[in-house]
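Line order of the protein sequences matches chains A and B.
Just so you know, we're using our numbering here: the first sequence kicks off at 4 and counts up by one.
Just so you know, we're using our numbering here: the second sequence kicks off at -11 and counts up by one.
Certain hints may be false.
[Said to hold, decoys possible] Derived pair list, reagent style SDA-like, types lysine to any residue, alpha-carbon separation capped at 20 angstroms:
| id | chain 1 | residue 1 | chain 2 | residue 2 |
| --- | --- | --- | --- | --- |
| 1 | A | Lys112 | B | Ile255 |
| 2 | B | Lys76 | B | Gln265 |
| 3 | B | Lys225 | B | Lys108 |
| 4 | A | Lys112 | B | Leu262 |
| 5 | A | Lys208 | B | Ser(-2) |
| 6 | A | Lys112 | B | Ile269 |
| 7 | A | Lys112 | B | Val258 |
| 8 | A | Lys16 | B | Met5 |
| 9 | A | Lys112 | B | Leu12 |
| 10 | A | Lys112 | B | Met5 |
| 11 | B | Lys195 | B | Thr165 |
| 12 | A | Lys208 | A | Tyr230 |
| 13 | A | Lys218 | A | Val190 |
| 14 | B | Lys108 | A | Ala18 |
| 15 | A | Lys16 | B | Gly179 |
| 16 | A | Lys16 | B | Ile171 |
| 17 | A | Lys16 | B | Gln265 |
| 18 | A | Lys250 | A | Asn101 |
| 19 | A | Lys188 | B | Gln265 |
[Stated by the list, open to error] Some but not every residue of chain A turned toward chain B, in silico, with C-beta under 8 angstroms:
| id | residue |
| --- | --- |
| 20 | Tyr230 |
| 21 | Gly232 |
| 22 | Thr237 |
| 23 | Ala244 |
| 24 | Ala284 |
| 25 | Ala286 |
Rather than coming from a laboratory, the hints here were simulated on the basis of the structure.
Positions of the beta carbon are idealized from the N, C-alpha and C atoms, including for glycine.
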Amino acid sequence: MMRKSVAFLYNQKVAPYVFVLPFVLTFLIFFIYPVITTVQMSFQDILPGMVNNVGFKNYERLLGDRIFRTAVSNSILYTLWTLLLLIPFPLVFACMLNSRSMIARGFFKTSLFLPVVTSVVVAGTIFRLMFGEVNGSLMNTIRMFFGLGPIKWLRVRETGFAAMVLMACWRWTGVNMLYFLSGLKGVPPEMYESAEIDGANAWQKFRHISVPLVKPTIIYVLTISIYAGLAMFTESYMLWAGNNSPKNIGLTIVGYLYRQGWEQNRMGYASAVGLVLLVVAMAINLVQLRLTGVLGRERD
Amino acid sequence: MEFYSRRNYSLVARIVMVAFFSILSLIVFMPFYAILLASFKPGEELIRYGLNLRFDWDLMSLANYRYLFTGITRTGAYIAHDYLLWFKNSVVLTVVQTVLTLLVSAWVGYGFAMYRFRGKNFLFTCVLLVLMIPFEILMLPMYSQASSMGLLDSIWGIMLPYLAHATTIFFFRQFLTSIPKDIVDAGRVDGASEYGIFFRVVVPLMKPAFSAMAILVGMNSWNNFLWPMLVLRSGQKYTLAIGLNTLLTPYGNNYDILIAGSCFSIIPVVILFLSAQKYFIDGMTMGSVKG
């Protein structure tokens, strides 16, 4: 009997299912089940030992919740800023490093890439102290060098937000640059040479040769940046040493989910927040996949 | 006109670009330099004057590092702390999680790449679906799931949901589809079983893919914060990221150890990075080329 079942597992028709089994189990236990529970909880009011079905009440409250709106606009604004700064600049840097007249490429590549090996926790600690409100903090020293007074960086909306975006730039510029460099590797140098013979300047070469050829890489970086931007939490958590920033200037959607679910124990309401984010993430991804044609290509 | 010949032009361009990247690198190095300096200064100094680039021999000493490694503070008293334990926990978690994730995900990726079977397209779409959804959305029910399975406060609770890791599966599947299926058939002719082929024929071929993904998975595991923070309860089991986070209150000697500890936690990763740079870069960029 034992023999038979082992032989069954070794069958060539059965083997593929044995191979994908770990994924199927993970998918059911840690994805499908949580998704269903989230949907279910979002229609409930959950108190210890008591669960009430409340219909769409959580969602109705969400519509009128000003803090939730702050969280959503912070997340979107943060995402937009990272897209605006972390795609064009790294792309230009990559083209510059890739140019024939550049030297010491490896050194600069390494030094720009280095910040990503620091964890968000460490990077957040460094930036929090650099943007400290005491007179001697690095950023205030720089302000004073230009004859300006010290300011409370992390207590003001604009400067606090800038610190958050700057930290993202510090950590990710090098990585995105590497993505673009590996995309540019596929461009034959003769293309640039013949363009030069035709009298193209640096901008024209960038605009008409580099950009179109690294377009797949740009789309990839765009996707992961949107994903990371919408799900951002730890950066803000570390920068303000906890989930509470003054007037919620650093509160993100995930931060709000965390606050409702853990800190205030409103599981039902938190689930509704999560589902809104889920729908937004899905919608963006579907648009993305349609635009890039991945959906059609995947079936082989 | 002679003056602006092509050679002169490219020399000027080179000087401008090298100057530009030098300044950029300096700016990028500044936070590292600031935290390194601060790690030699007393914590109170940091709280009072902030993190800055002031070099002051009188203030700087190895006292923070002595406290970090021996528990003996500035004043000579012994105060126990868990930094070294956290460090060990992080190393163990990272190594175990990386090895297991690579094995399990390669196993699954192989199934997707080498076989035709009913439901394959549907299941692979599920892999893509998992790729698209940020985990943070599902953390509440995942937490209660882990809790009901008795996985809280253990490194299994951190690892188990991610051993069949969608990104890694996707990557391995892409990698394996470029390997000719004849190799597998040849293995069958030689009498190897389906699983024997995987372990003896395919795994050795996957070395470059393994090293690239090891870096990616390892880095995520080393830096992972939110999920381990939810799963772990007792301070004895904390990883570095979570432990350091608990030191953020400016009481006692917390800042002495926070800064020196943060600084020290960067060093092994930087050494690893500098010695295996190629794999780091491959690991970070491979996804972008094929995905």
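Against which earlier hints does the structure fall short, listed by number upward?
2, 3, 8, 12, 17, 18, 21, 25
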